[in-house]
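Asks: Residues per chain are reported as follows:
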Amino acid sequence: MTVIKNISENNFEQCLKCSVCTVYCPVLAVNPAYPGPKQAGPDGERYRLKDPQFYDEALKYCLNCKRCELACPSGVKIGDIIQLARIKYSKQRPGLREIMLANTDIMGSIATRMAPIVNTSLKLTPVKKVMDGVLGISSHAKFPQYAGERFETWYKKNAAQEQKQYAKQVSYFHGCYANYNYPKLSKDLVKIMNAIGYGVQLLDKEKCCGVALIANMQSAQAKKQGLVNIASIRKAKAEGRVTLTTSTTCTFTMRDEYEHLLGIDNHDVKESIQLATKFIYELIERQGVRLAFRSDYKKRIAYHTPCHMEKLGWAIYSTSLMRMIPGVDFVMLDSQCCGISGTYGFKKENYPYSQKIGEGLFKQIESLKVDLVATDCETCKWQIEMSTTAPVENPISIIADALDVEATKALNSIK
Amino acid sequence: MKFDTIIIGGGLSGMAAGISLAKKGQKCLMVSAGQSALHFFSGSIDAYGCEGSAVGSVSSLPSCHPYSKMGKDTLIELTPVAKSLLADLGLDFVNNDPINHYRMTPVGLMKPTWLTMREYVRGSDVGQLERWGKVALVGIKGYLDFNTSFISQNLDRQGINAVEVEVTTPELQKLRTNPSEMRSTNIAKTLVGDALKAFAAEVKAACPEDVDVYLLPAVFGIEDDGPVKALQAEFDKPVHLIATMPPSVPGIRMQTLMRRKFQALGGTFMLGDAVVSGKFEGGRLVSVRTQNHGDMDFEADNFVLATGNFMTHGLTSDRNGVYEAALGVDVDYLADRKEWTKSNIFDDQPFMSFGVATDDNLHAKKDGMVIENLYATGSVLSGFNGIKEGSSTGVSLMSGLYVANQITKTIGR
Ligand code: SF4
Ligand code: SF4
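The listed protein sequences correspond, in order, to chains H and E. Take the first sequence: its position 232, counted from the start at 1, is 232 in the working numbering, and no numbers get skipped. Take the second sequence: its position 34, counted from the start at 1, is 34 in the working numbering, and no numbers get skipped.
These are computed hints drawn from the structure, not numbers from a lab. A portion of the hints provided could be inaccurate.
Lysine-lysine pairs mimicking DSBU-like chemistry, simulated, CA-CA at most 35 angstroms apart [as the list claims (entries may be wrong)]:
no.	chain 1	residue 1	chain 2	residue 2
1	E	Lys388	H	Lys363
2	H	Lys363	E	Lys204
3	H	Lys298	H	Lys235
4	E	Lys197	H	Lys91
5	H	Lys17	E	Lys388
6	H	Lys369	E	Lys27
Taking beta-carbon pairs under 7 angstroms as the criterion, some of the chain H residues facing chain E (in silico) [claimed, not checked]:
no.	residue
7	Val23
8	Gln39
9	Ala58
10	Leu70
Predicted model, so just to flag it, every value in this text is computed and none were measured. Yeah, the Cβ is synthetic: ideal placement off N, Cα and C, and Gly gets one too.
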């Protein structure tokens with residue numbers, strides 16, 4: 001007997017119309033102009049398939065947080081349906097603001113060269129007024145600082161040579177943030193990997209992962225960059241190196257969105273793209289690698305699960321590693337969206353919603369009286385630092401700060 | 001990664017087991033593929049939908065029924081455990097033990113049940129509602145999942161003449177910008193604090209002054225019952241709530257409180273991930289793998305399968321058979337495809353009783369062999385029709401607790 005299966009893309013026909021997804025959409029809860037996951041996703045798709053005229057530009061309000069997908073009991077890829085519809089049907093073209101916000105690497109390389117000027121001017125009221133009035137970038141948003149020296153430059157000058165001495169090697173996709181704004185994160189990763197006997201290599205060519213391009217209607221450009229990244233990761237794999245990342249958003253974009261939204265074939269390298277905390281955790285569990293921590297590191301740390309980390313399902317690796325530090329008093333925050341979603345919260349029209357979405361999270365953080373908030377996403381870090389009094393660090397930086405490098409080397413017999 | 005117990009499924013049953021075990025100090029992992037059937041919760045936990053004593057009905061059930069497997073004495077023993085688990089979560093359920101009381105459905109009919117949230121309409125008998133005097137039945141403008149005219153017709157049949165009123169506030173009007181999403185949960189998120197006070201004032205203004213009782217849809221308090229109490233405090237007459245069409249606000253509250261409790265007790269909760277395979281060895285389940293974690297083996301001493309039935313995809317089927325989705329354990333179902341359904345939709349549908357095959361201690365079976373450290377609980381179990389019987393929440397809660405007890409007994413052995 002031939003079994004005829006009715007399987008559409010993104011499990012669209014599996015929708016039971018149960019409305020469970022709508023309960024967990026952070027946007028719908030604060031902005032009634034957004035149709036919500038069910039309406040924007042499977043329900044709207046039915047109409048769009050008949051006639052593209054049914055496309056609703058209000059789909060731009062979707063944060064692409066994928067919390068609807070996590071909640072759906074029927075496995076409908078609601079977020080993917082919405083993002084694909086934006087790519088396919090939206091008639092809006094990116095303006096100057098969208099181009100500026102989305103091209104993080106071009107902006108970053110200009111800004112790092114002029115870091116002191118850029119950092120100061122981004123804080124000046126007249127500059128903010130112009131950005132607000134002319135560009136529509138919220139004057140309330142605080143821009144991340146630019147570092148004076150890119151990670152790549154530092155690496156070539158100070159680290160590249162030394163990396164060769166290690167018997168085992170990994171590649172590293174640092175992403176824009178750890179390159180232009182916060183090279184310390186990249187240096188922290190190098191510190192940990194060296195301590196456990198791994199050399200860290202840059203990729204042949206690294207481009208911005210393109211997450212902001214996808215969100216800002218420039219998916220063709222995102223695809224070009226994606227192809228470059230995947231080719232570099234593939235080359236590293238051929239040479240025996242997995243590619244580590246320290247940002248959940250870049251990780252999720254390259255592993256899942258490249259394939260689902262941009263049609264990039266990455267199936268052969270997907271497992272080669274590894275979040276550093278997951279990779280290190282697995283080394284500990286499977287290869288007997290051990291970490292030694294300083295006894296004077298004492299901190300109360302709350303962990304915030306970024307939306308894309310929730311979707312990857314890997315928070316357990318970052319949290320398990322931090323819990324290994326004897327001096328850490330660990331608290332898990334409720335998993336909820338912080339509201340920034342990359343460039344979304346920087347836009348004037350989204351800023352109030354973005355703050356309202358994050359309200360619950362900010363309150364919980366303030367009530368817990370912690371020394372640090374830990375999170376694996378740079379944009380969550382900006383949003384939480386902008387909206388609470390707590391400093392925020394990537395778990396990799398926390399582990400690096402707490403690590404006793406010499407003792408760790410000794411434990412793993414690394415010279 | 002190693003745990004004491006891994007619970008597959010994060011609904012009422014899995015949570016009852018997970019919380020009980022975490023309380024005993026077990027290191028637990030819960031994997032939940034999407035949100036649970038608690039999003040359709042009625043506000044009541046039905047043990048068995050009959051008049052009189054629910055536990056009493058156990059003696060007359062077939063031996064394949066989960067209640068028969070657990071046994072009447074065990075169920076009696078577990079009753080106070082169930083109540084204290086709920087109370088511990090800050091959930092205020094009332095009962096009329098040892099006999100059932102009545103709850104009101106979203107269309108205003110009365111059904112027998114075991115435990116009901118305090119704020120809901122209930123009756124010790126169908127006719128009990130008459131003592132109310134003058135009743136105001138309050139609807140919310142634009143909210144279609146609470147049909148006041150159905151309810152008032154059914155109240156009328158019970159001899160109660162309700163005044164129907166419809167209210168709105170500027171905040172609720174704003175919600176209506178999106179007519180398809182004028183739903184219980186969005187209303188619940190809106191009606192807090194000052195917006196809730198303004199709403200109460202509108203209700204008072206819209207109702208006649210001599211009202212004795214106010215009946216409202218259960219759209220208050222998504223995180224805890226604070227807004228319910230705040231609403232009641234605004235009136236000097238009783239305010240009772242009636243269940244709405246899904247999503248259920250009290251159900252989501254219950255789900256949230258249970259998940260938080262489980263995590264506060266040290267449990268690891270993974271949402272949006274699904275167990276895709278298990279490694280069986282010598283009559284035991286050694287480890288499972290999930291969609292998100294590739295070749296990572298999640299090992300445990302014991303496993304609980306609480307994935308629900310067809311609706312939550314714990315069970316799947318094709319033309320040839322019925323399958324358990326996560327681990328491929330044995331399923332009880334009728335071999336003849338034609339016998340799976342009856343043409344009258346209101347008949348007892350045979351497929352509703354399909355589910356995971358277990359021994360008398362709720363151990364699941366694989367290829368006919370009992371798996372001694374794998375238990376099945378809740379709606380994934382075979383041998384009962386939870387909807388027809390009015391027993392699905394009861395079976396879920398009781399079997400979750402029962403299995404937690406079984407596992408606790410094996411520790412130290
Ligand atoms: S991806 Fe996030 S913002 Fe978009 S519809 Fe889903 S839950 Fe809402
Ligand atoms: S949760 Fe899934 S099945 Fe339910 S309405 Fe949303 S998309 Fe459809």
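Asks: Tell me if the straight-line CA distance from H:Lys369 to E:Lys27 falls inside 35 angstroms.
Replies: holds, 26 angstroms
Asks: Go through the hint on H:Val23 and say holds or violated, using the shortest Cβ distance to chain E against 7 angstroms.
Replies: holds, 5 angstroms
Asks: H:Gln39 was flagged as interface toward chain E. Is the shortest Cβ-Cβ separation under 7 angstroms?
Replies: Status holds, d = 5 angstroms.
Asks: Given H:Leu70 as an interface hint, is its Cβ closer than 7 angstroms to any Cβ of chain E?
Replies: Interface hint status for H:Leu70: holds (3 angstroms vs cutoff 7 angstroms).
Asks: Taking only the CA atoms, is the gap from H:Lys363 to E:Lys204 under or equal to 35 angstroms?
Replies: Distance ~33 angstroms between H:Lys363 and E:Lys204 Cα, so the pair holds.
Asks: Between E:Lys388 and H:Lys363, does the CA-CA distance stay at or below 35 angstroms?
Replies: violated, 44 angstroms
Asks: Mind checking the alpha carbons of H:Lys298 and H:Lys235 for me, to see if they're no more than 35 angstroms apart?
Replies: violated, 41 angstroms
Asks: Keeping to a limit of 35 angstroms between CA atoms, is the pair of H:Lys17 and E:Lys388 held or broken?
Replies: holds, 22 angstroms
Asks: Are H:Ala58 and chain E close enough, Cβ to Cβ, to be under 7 angstroms, as the hint says?
Replies: Violated: closest Cβ of chain E sits about 9 angstroms from H:Ala58, beyond 7 angstroms.
Asks: Given the proposed pairing of E:Lys197 with H:Lys91, does the C-alpha separation stay at or below 35 angstroms?
Replies: Not satisfied, since the Cα-Cα distance of roughly 43 angstroms exceeds 35 angstroms.
Hint check: violations occur at hints 1, 3, 4 and 9; the rest are consistent with the structure.
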